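Participant: Add chain B to chain A, keeping to what the hints say.
The residues making up each chain are set out below.
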Amino acid sequence: MKTIIKYVLLDLLRNRVILFYTIILAVLSVSVLGIDDNPTKGLLSLLNITLLFVPLITILFSTIYFFNAIEFTELLLSQPIKRNKVLLAEYSALTVSLSTAYAVGIGIPLLLLVSGIESFILTLIGILLTFVFSSLALLIFVKFRDKTKGIGIAIAIALFFTLLFDGFLLAFIYSFSDYPIDQAVVGIIAFNPIDLARVLMLLHLDVAVLMGYSGALFKKFLGSATGSIFSIACIILWIIVPLLLSVRIFNRKDL
Amino acid sequence: MIKIEHLSKSFGKFAALKDINVHMRQGQAISLLGPNGSGKTTLIKSILGLVIPEKGNITINGQSVKHDWSYRSLIGYMPQIGHYPDNMTIDQVFALIKEMRKDTQDYDEELIRGFQLNKLGNKTMRSLSGGTRQKVSASLAFLFSPSVYILDEPTAGLDPVSSELLKEKILKEREAGKLILITSHVLSDLEGIASHIIYLQDGELRFYSAVEELQAVTGEEKLNKVIAHIMKNESRVAKTIQ
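Respectively, the protein sequence lines represent chains A and B.
For the first sequence, the numbering used here assigns the number 3 to the initial residue and increments by one for each residue that follows.
For the second sequence, the numbering used here assigns the number 919 to the initial residue and increments by one for each residue that follows.
For reference, chain A alone in the conformation it holds in the complex (with noise of 0.2 Å):
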């Protein structure tokens, strides 16, 4: 497994959209938190940034990539391996390329210019949501026989998390406002990864109460270290659980 993960690693790192993805996340780092003297207001732009194209970059690469590589997929399965090593193994080096990707062109300017807990944490909203969305990836690529369709679901899957849900949550609260639903509103958001990254950044901003509903509810609720534990359990939730049914899925595909 080790094998595979550093020869396909060492494709990815020459990978010329992996490196234009770096590039752009350094230029718009380095802008964003030049333009204004107070860090945080550049890195809440830089969170905006993250939970806008980390998700849906992650996951179109992922899923093209995973569709792309078949071929060579089934390469790798006619050699004496388990096949859920080789999917592992693939999904392994797609998250770590495009982890140093996002630590490279966010974290290290951040680190230069703004250090402290924040950026470290948003450093690693960045890295939790490159797994989460490929993990996703991965379901649709062993979900899904046709390359089309997969890319059309993967969108659909960004834009649900990144805008419609949104929508829906606010709905739900505006039709239900009269009602104590402020419990249920904390457990609807478990169910976007892209929320609950925003809840661990605001949770560690002091700006919470200011940034929306659901940051100041978790802050009611669970205060800033239990708040931040349950997001970050609940994002882990998200890696492991498409991980395991890809898995599973995986071992009775027909390729």
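Worth double-checking, as some hints may not be accurate.
Said to hold, decoys possible - Simulated pairs of lysine-lysine, DSS-like, Cα-Cα distance not exceeding 25 Å:
1. B:Lys-931 - A:Lys-145
2. A:Lys-151 - B:Lys-931
3. A:Lys-8 - B:Lys-1020
4. B:Lys-931 - B:Lys-984
5. A:Lys-255 - A:Lys-84
6. B:Lys-1020 - A:Lys-84
7. A:Lys-87 - B:Lys-1085
8. B:Lys-973 - A:Lys-255
9. A:Lys-87 - B:Lys-1016
10. B:Lys-931 - A:Lys-149
11. B:Lys-1150 - B:Lys-1140
12. B:Lys-921 - A:Lys-84
13. B:Lys-1085 - B:Lys-1140
14. B:Lys-1020 - A:Lys-4
15. B:Lys-936 - A:Lys-255
16. A:Lys-8 - B:Lys-1041
17. A:Lys-145 - B:Lys-984
18. A:Lys-84 - B:Lys-1150
19. A:Lys-84 - B:Lys-984
20. A:Lys-145 - B:Lys-973
21. B:Lys-1016 - A:Lys-4
22. A:Lys-8 - B:Lys-973
23. A:Lys-4 - B:Lys-1041
Since the hints were derived computationally from the structure, they do not count as laboratory data.
Remember, it's a predicted structure, so these values are computed and weren't measured experimentally.
Facilitator: For chain B alone, coordinates are given in the frame of chain A:
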């Protein structure tokens, strides 16, 4: 060597393989023939464990392909389309597969030298032509001198010189007592290589017999004439064989 018993597989409503029974033995070079969609690739992929059989059993040297993957160290597989990661170099591809098959340390690099791939070691897979990629696939299949070769359209896309080189290599391995399973639509390429023919149609095994026997039954000498004759007078020939 490879024993297939009552193998059936369907994709949704489409029955790709229907109750296939074949016993392939060492020293045979079996050519897998049949029209498009007759189940050739499904049969190959079932042996490799890429397609999970619905019913039936496949054993290689008595070892079932179902749950244990270690039997694949006996097989060298050359896929129909060789698609590799773009930025991987030829050397890296060989190193990767070598590290995955640590049980063999004795490498057969005759094809790598024959195709002169050792001079292209640092080229990335993206920069290679389709034919050169095909050469990489072929070299990989032969690298570990396995006891079973599964070659899916091996000569498609190769220039005449390389094609000859590959055919000579296949013959050499056949003489060394290996089991070789080839699919090809270019029947003239199989001339002199194939010792047996498996003919599939609509997922059913039509016949499995020695080339000499088919030549005797049809009265034809050339392989493509033999097959054409069988396809034309199928029912009559099938009866004679059985």
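Participant: With reference to the structure, classify each hint as holding or not holding.
Facilitator: To see whether the hints hold, each was checked on the structure:
no.: 1; hint: B:Lys-931 - A:Lys-145; result: holds, 18 Å
no.: 2; hint: A:Lys-151 - B:Lys-931; result: holds, 21 Å
no.: 3; hint: A:Lys-8 - B:Lys-1020; result: holds, 16 Å
no.: 4; hint: B:Lys-931 - B:Lys-984; result: holds, 23 Å
no.: 5; hint: A:Lys-255 - A:Lys-84; result: holds, 13 Å
no.: 6; hint: B:Lys-1020 - A:Lys-84; result: holds, 15 Å
no.: 7; hint: A:Lys-87 - B:Lys-1085; result: violated, 34 Å
no.: 8; hint: B:Lys-973 - A:Lys-255; result: holds, 15 Å
no.: 9; hint: A:Lys-87 - B:Lys-1016; result: holds, 17 Å
no.: 10; hint: B:Lys-931 - A:Lys-149; result: holds, 22 Å
no.: 11; hint: B:Lys-1150 - B:Lys-1140; result: holds, 15 Å
no.: 12; hint: B:Lys-921 - A:Lys-84; result: holds, 22 Å
no.: 13; hint: B:Lys-1085 - B:Lys-1140; result: holds, 17 Å
no.: 14; hint: B:Lys-1020 - A:Lys-4; result: holds, 13 Å
no.: 15; hint: B:Lys-936 - A:Lys-255; result: holds, 19 Å
no.: 16; hint: A:Lys-8 - B:Lys-1041; result: holds, 18 Å
no.: 17; hint: A:Lys-145 - B:Lys-984; result: holds, 21 Å
no.: 18; hint: A:Lys-84 - B:Lys-1150; result: violated, 45 Å
no.: 19; hint: A:Lys-84 - B:Lys-984; result: holds, 12 Å
no.: 20; hint: A:Lys-145 - B:Lys-973; result: holds, 23 Å
no.: 21; hint: B:Lys-1016 - A:Lys-4; result: holds, 13 Å
no.: 22; hint: A:Lys-8 - B:Lys-973; result: violated, 38 Å
no.: 23; hint: A:Lys-4 - B:Lys-1041; result: holds, 24 Å
In this structure, the hints that do not hold are numbers 7, 18, 22, in rising order.
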